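Residue numbers (our numbering), protein chains in the order written: chain A, 190 to 348; chain B, 1066 to 1503.
These are computed hints drawn from the structure, not numbers from a lab.
All values derive from a computational prediction rather than experimental measurement.
Some clues are possibly wrong.
Only part of the chain A face toward chain B is listed, based on derived beta-carbon distances under 8 Å [unchecked claim]:
(1) Asn201
(2) Asp205
(3) Ala222
(4) Arg223
(5) Leu224
(6) Ser225
(7) Ala244
(8) Leu246
(9) Asp253
(10) Ala254
(11) Tyr285
For each residue, glycine too, the CB sits at the ideal point set by N, CA and C.
What follows is the residue order along each chain.
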Amino acid sequence: MAITSSAVSVENPQIDGRRWVAEAHSDAVGVCARLSYLGQSDATSTAQGIANARAALLDAQLADAECLDRVQIDATPLPLRFQTAAQFVDRLRSFYRSLDREDLARLARWVTRRIDDGTVTVAQLRNAWGLTVGEWATLEAKMRSLRAQIEAIDAAVGE
Amino acid sequence: MAIFYVRSTDGNNVDSGATWALAKATLAGAFSACAAGDTVYVSQVHAETQASALNLGGPGSSANPVKVVCVNDGAEPPTALATSATITTTGNSAFDIYNNTFYYGITFSCGSGAVSAQTKLASSGGNSRFENCKFIKAGTVGNTAAFRLADLGSGRLELNNCTFKFGATNDSLSMAGAVVWKNSVAVDGAGSLPTSLFYNASGNAPVILDGVDFSAMTGSPTLWNAGVLTAARLIVYRNCKFSSGTIPMPTPNNPESGEHFIINSDSGATNYLHSVVGYYGRQDVETSIVRTGGASDGTTPISWKITTTANVKWAFPFESMPMAIWNDVTGANVTVTVYGIWDGGAVPNNDEIWMEVAYMGASASPLATFNAANGKDVLAAASAQGSDSSTWGGSTTKFKMSVTLSSPQPAMKGPIYVTVKAAKASSTFYVDPKVVLT
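Can you make the complete structure from the sequences, with help from the hints?
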């Protein structure tokens, strides 16, 4: 799940003494993030530390990105590369709270379709949202209403 | 086109807004009275606060935008601009500012306390333009879309001399539509410094960053979130300033992400750097491994260092920026040559690196004629590029790529463009961007 190695390549010095530094961060699957920058003349000694410090940040960014990416596709998000299913659901909740208008309706459609296709249970979502049975029922009803509205918009055609 | 006045200190939304003495109390109050094409003058002492979500969608149209301008209220009509008006929401109260409006000199502050309240700029409607404005996300709970710039249904958002201030390190700017941000200090260092400034939304419109100072972002920051360049999008930095070790653009993880350009932008006193970053690789300026007699701005010799990722294929190569050279020859063959060097052990084959030349092969129009004969075609076997004996400052195996423009011959004088394509996975090539015509 997490980045397990951060390889650094420090290139030859440039005319101003700086050096191009290339970072390649890998998890259990392979390289998952590549970054390059012009480091200072002492980059040979500092670059690995910078890369190691960046790895934890990249873990969170890649997990965020994976969540954002998966909800664009109307299918189960599994298997996940950068997070557990529980972490994914937590991020889903965070995204849901930050959205509004059409974006919120589209995510509501995605969530309710995953309930309907059995990818996730109501209990799992209710726990992630930290809601009671009654509170969840209210939220799910709102989600399904939003879903119906966005589906109507998506199905709309001209004359 | 009518004029309306807004001043929180003595204004009242039941007044007409026709004079300073009859000023409206809030901008929303003025919007409710004005029409497309009108101008709203906001006093320099205006300090409006609302404890609920604030939607500022003026009545402007693309043909007749509304202008909202902070001015000194010492004259009527005003004669001096100002930049001290503030519009604030408190608590978990969002901002939504949209619809064919020009804003000048206003600070928008969103939320207060432990909230993640969001500001949307140009969320719908047509174009929006902000000049000398400041945007504050005061809530202390992080939001990757703390500011959502230009939504999919909106027109272009232009920010001129505008600065953002953040309330949490995991705040970001999220973008979906077209954004031009120029002539600005990006981030107010007095606030929290985001670990990544930009967080791509699902849109695919271009983002142009022109003359923006990002140097408040320190600590070898990654300006774009490393994992979220998932949508096709063009991102261009031009004449921007970074802090030392800044990563303006991580290598995208998605082939649909497109290529992104970093032009003449740096932390140091350089004027020659330019890079392309994409899923298939990147191109950077190299000032050490350069060809003697090759490209130079007169002071600094350069070559292009092309580094491919493991993702390149012959069908989907990395493509460099175009090299341009003026051609004065028409009605005769012209041979185009680009020199290179790499450490692959032998001269590279023409399915590993090659060039495509675009020139004007017709006399009736400037329609480009493309010549990719330097590379192999889809059915042919690969063959070696030419060997070369130029002097370079490093690496090992020299080569050259040549093609003769003969059928058709150049028919008009003008620029010839050469694009180098590299498809050898995980490899580094250096090419001299000084194209030679013979």
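Hints, one by one, checked against the model:
1. Asn201: Nearest chain B Cβ about 5 Å off; hint holds.
2. Asp205: holds, 6 Å
3. Ala222: holds, 5 Å
4. Arg223: holds, 4 Å
5. Leu224: holds, 5 Å
6. Ser225: holds, 6 Å
7. Ala244: Interface hint status for alanine 244 of chain A: violated (11 Å vs cutoff 8 Å).
8. Leu246: holds, 6 Å
9. Asp253: holds, 7 Å
10. Ala254: holds, 3 Å
11. Tyr285: violated, 12 Å
Hints 7, 11, counting from the list given before, are not met by this structure.
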